[in-house]
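Novice: Sequence:
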Amino acid sequence: MGSVAQVDAAGSITTNGTVTGAVTQSASLGSQRLQVAAVIGGSPATVDARATLSGAVNQTSSAAFANDQRIAIGAVEGSSGQISTDATVGATLSQNISGGGVSREQLIAIASVEGTQGTVSTRAVVNGSVSQSNQSSQSGQPTNQRIQIGSVRNSGTLAVRTDVTVTGNLSQSANASSRGQQSILIGGVSAD
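Just so you know, we're using my numbering here: the sequence shown kicks off at 26 and counts up by one.
Bear in mind the hints are in silico, worked out from the structure with no lab data behind them.
One should not assume that every hint holds.
[What the hints assert, rightly or not] Quick list of the computed label-pair ranges, beta carbon to beta carbon:
| id | residue 1 | residue 2 | range |
| --- | --- | --- | --- |
| 1 | Gln-160 | Ala-216 | 28 to 34 angstroms |
| 2 | Gly-80 | Ser-196 | 15 to 21 angstroms |
| 3 | Val-214 | Ser-123 | 18 to 24 angstroms |
| 4 | Gly-213 | Ser-154 | 26 to 32 angstroms |
| 5 | Thr-39 | Asn-200 | 40 to 46 angstroms |
| 6 | Arg-204 | Asn-179 | 18 to 24 angstroms |
| 7 | Pro-167 | Ser-51 | 21 to 27 angstroms |
| 8 | Gly-181 | Thr-49 | 23 to 29 angstroms |
| 9 | Ala-47 | Ser-123 | 29 to 35 angstroms |
In this text the structure is predicted, and so the values were computed from the model without any measurement.
C-beta atoms are modelled at their ideal positions from N, C-alpha and C, and glycine is treated no differently.
Put together the whole structure using the sequences plus the hints.
Specialist: So, in structure tokens, the structure goes:
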């Protein structure tokens with residue numbers, strides 16, 4: 026929805042996405058992805074990503090094979106130069122794995138920036154609850170749970186400015202068989 030993936034613009038990309046209705050993804054096979062005004066890959070020199078989401082988003086999986094769940098709202102990955110993100114989320118975001126499902130990653134990225142070079146400015150307002158749950162009975166590949174809100178990760182930036190407000194509840198839960206890591210990064214900068 027208003028997103029750009031793997032496009033080498035060699036210049037500028039501007040995205041603007043608005044979602045007001047509910048979005049539901051339910052699967053017994055494969056990965057689940059929702060991208061709203063996100064820019065993924067392509068190394069554009071200038072990015073302006075703006076997103077507004079007021080409808081609830083729910084991803085549910087019982088896939089028997091390795092998969093992942095990803096929600097990207099106004100997020101940017103793999104760009105260079107000047108990067109600006111602005112996202113407002115006013116509804117619940119949830120990711121759930123159950124039964125015999127096996128997942129590699131659950132990721133919710135809101136106005137976050139990852140794997141970039143240059144100058145970064147992020148702004149995020151999250152008023153809805155954000156949750157990740159992995160109750161799979163499988164003990165295969167470790168599952169990592171990540172929530173990133175207005176944050177900057179794995180980036181060689183010249184300057185960073187973040188502005189984040191979160192009023193909703195954030196939660197991550199996993200049973201012992203997941204063997205993965207849980208991380209929440211809000212308006213912060215991380216090298217891993």
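Novice: I want to verify a distance hint. Is the separation of the beta carbons of Gln-160 and Ala-216 within 28 to 34 angstroms?
Specialist: 31 angstroms, holds
Novice: Could you tell me whether the CB distance from Ala-47 to Ser-123 stays inside 29 to 35 angstroms?
Specialist: 20 angstroms, violated
Novice: Quick check on a hinted range of 18 to 24 angstroms for Arg-204 and Asn-179, using CB atoms only.
Specialist: Given range 18 to 24 angstroms: holds, Cβ gap about 22 angstroms.
Novice: Take the C-beta atom of Pro-167 and the C-beta atom of Ser-51, compute their distance, and say whether it sits inside 21 to 27 angstroms.
Specialist: Distance hint for Pro-167, Ser-51 holds at roughly 24 angstroms.
Novice: Go ahead and decide if the range 23 to 29 angstroms is satisfied by the Cβ distance of Gly-181 to Thr-49.
Specialist: For Thr-49 against Gly-181, whose Cβ atoms are near 38 angstroms apart, the range 23 to 29 angstroms is violated.
Novice: Assuming the hint says 40 to 46 angstroms, is it satisfied by the Cβ distance from Thr-39 to Asn-200 or not?
Specialist: 42 angstroms, holds
Novice: In this structure, is the beta-carbon distance linking Gly-213 and Ser-154 contained in 26 to 32 angstroms?
Specialist: Violated: the Cβ-Cβ distance is about 20 angstroms, outside 26 to 32 angstroms.
Novice: Indicate whether the distance between the beta carbons of Val-214 and Ser-123 respects the range 18 to 24 angstroms.
Specialist: 34 angstroms, violated
Novice: Do the beta carbons of Gly-80 and Ser-196 sit within 15 to 21 angstroms of each other?
Specialist: Once the Cβ atoms are compared, 20 angstroms apart, the range 15 to 21 angstroms for Ser-196 and Gly-80 holds.
The structure does not agree with the numbered hints 3, 4, 8, 9 stated previously, though it agrees with the rest.
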